[in-house]
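Using the hints, position chain B against chain A.
Residue numbers (our numbering), protein chains in the order written: chain A, 30 to 224; chain B, 30 to 224.
For the record, the hints were derived by calculation from the structure and aren't laboratory data.
Any given hint could turn out to be false.
One copy or two, either will do: identical chains are not told apart, so a pair holds if it fits within one copy or between any two.
DSBU-like cross-link-like pairs, simulated, lysine-lysine; straight-line CA separation at most 30 angstroms [stated by the list, open to error]: (1) 184 to 114; (2) 171 to 205; (3) 219 to 91; (4) 46 to 114; (5) 91 to 205; (6) 62 to 184; (7) 184 to 213; (8) 63 to 162.
Protein chains: 2
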Amino acid sequence: MNKQIIEYLSKYTVITKELEDIIAESTFFKNYKKGTILLSEGNLSNECFFVLKGCIRSYFFKEGEEKTIEFYTEEQVVTPANYGKSTPSKYYLECIEDTVLNVANPTIENEMFQKYPQLESLSRIIAEEIITKHQTSFTEFKTSNPEERYLHLLKTRPNIIQRAPQYQIASYLGIKPESLSRIKKRLMNKMNSSI
Amino acid sequence: MNKQIIEYLSKYTVITKELEDIIAESTFFKNYKKGTILLSEGNLSNECFFVLKGCIRSYFFKEGEEKTIEFYTEEQVVTPANYGKSTPSKYYLECIEDTVLNVANPTIENEMFQKYPQLESLSRIIAEEIITKHQTSFTEFKTSNPEERYLHLLKTRPNIIQRAPQYQIASYLGIKPESLSRIKKRLMNKMNSSI
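If we strip away everything but chain A, and leave its shape as in the complex, we get:
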């Protein structure tokens, strides 16, 4: 399991044996059954996660309707917006598959940063990478119509479409389930007529 974390971090910097040992000592893994709620709206959050296997979905309710914010799969970091703060969560985190997570909390993190300052530098670099990715996704979303959004998801994260129920995908794309069905039917017809 640690190997997967080391591989992920190696994309950003050279991981020394020392850092590898610190990670092995300081992190721990947990298994969660499909359907587990990791964080509820209104609750405090003292844990952040790295997905080793499985899928986490974040969602909230707007006027009684469930709205999917994000899907996190293998090798993604999940830091709740209120992580380590005294503010309640505005959303839920749910395992939509049996999931294995590496779990950290502010105490573990601070200890690791103190033992190994290079790790804090690495965290900064990763956070900046995440900002860039978010910005790209937001721009992509804002400047696309629903069909383009679906095609983009199909191209960039095809496994999400296989792993999550249709109604979750629809709200993730900011559309109604009926619109998603129509888009899929339209694309299917296009494909068939071009064969």
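What follows is chain B alone, placed relative to chain A:
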């Protein structure tokens, strides 16, 4: 000018006299005229900015049409997606007002981080805050209709509406200028009929 940066950083941590001096020594300010292009599509980026006064807009072209991604005003950090990398920029950065910026580059940043590791820790914390803000904005956008998006902008960043031309506001909201006009007219009518 430095005072403004120190005030901004003080929101996140205690700024010692030592750090204050390092910032004063290492950073520099530049004045830009309205209309200055800070970064062009296809170019490398070796500068990041902190807005002291004025407004920067990021935009790109999609099928020949200008699409506004973001507006950055006082006390916002602007780090181009390709900052310090060997990849070309996918968008433009333009000063839409006369603007005063604090300018940094990777060399300055690394020197500052080495002299004062606490600054790197601070950068991590700020980057994580930015992630949270982006996530909130994206979710808000995805789960709102155009009128709600306009009202949200009016509530959270009313000065943007005053400072940027209508066509830029419209594309920032992911809608056509005609739709924005209609929304504004509708809201005006609602207001008038409720007086």
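Here's how the hints hold up against the structure:
1. With identical chains, the CA atoms of residue 184 and residue 114 are at most 30 angstroms apart between copies only, with a shortest distance of 25 angstroms across copies and 36 angstroms within one.
2. When the C-alpha separation of residue 171 and residue 205 is checked against a cutoff of 30 angstroms, the pair qualifies both within a copy, at 17 angstroms, and between copies, at 12 angstroms.
3. Taking CA atoms no more than 30 angstroms apart as the test, residue 219 paired with residue 91 passes between copies only; the shortest distance there is 24 angstroms, against 34 angstroms inside one copy.
4. Only between protomers do residue 46 and residue 114 lie at most 30 angstroms apart by alpha-carbon distance; the minimum there is 27 angstroms, versus 33 angstroms within a single protomer.
5. Taking the shortest alpha-carbon separations for residue 91 and residue 205, both the intra-copy value of 14 angstroms and the inter-copy value of 26 angstroms come in at or below 30 angstroms.
6. Only within a single protomer do residue 62 and residue 184 lie at most 30 angstroms apart by alpha-carbon distance; the minimum there is 29 angstroms, versus 41 angstroms between protomers.
7. For the homomeric pair residue 184 and residue 213, the shortest alpha-carbon distance inside one copy (14 angstroms) is at most 30 angstroms, but the shortest distance between copies (37 angstroms) is not.
8. In this assembly of identical chains, residue 63 and residue 162 lie within 30 angstroms of each other by CA distance both inside one copy and across copies; the values are 27 angstroms within and 29 angstroms between.
The structure is consistent with each of the numbered hints, conforming to all of them.
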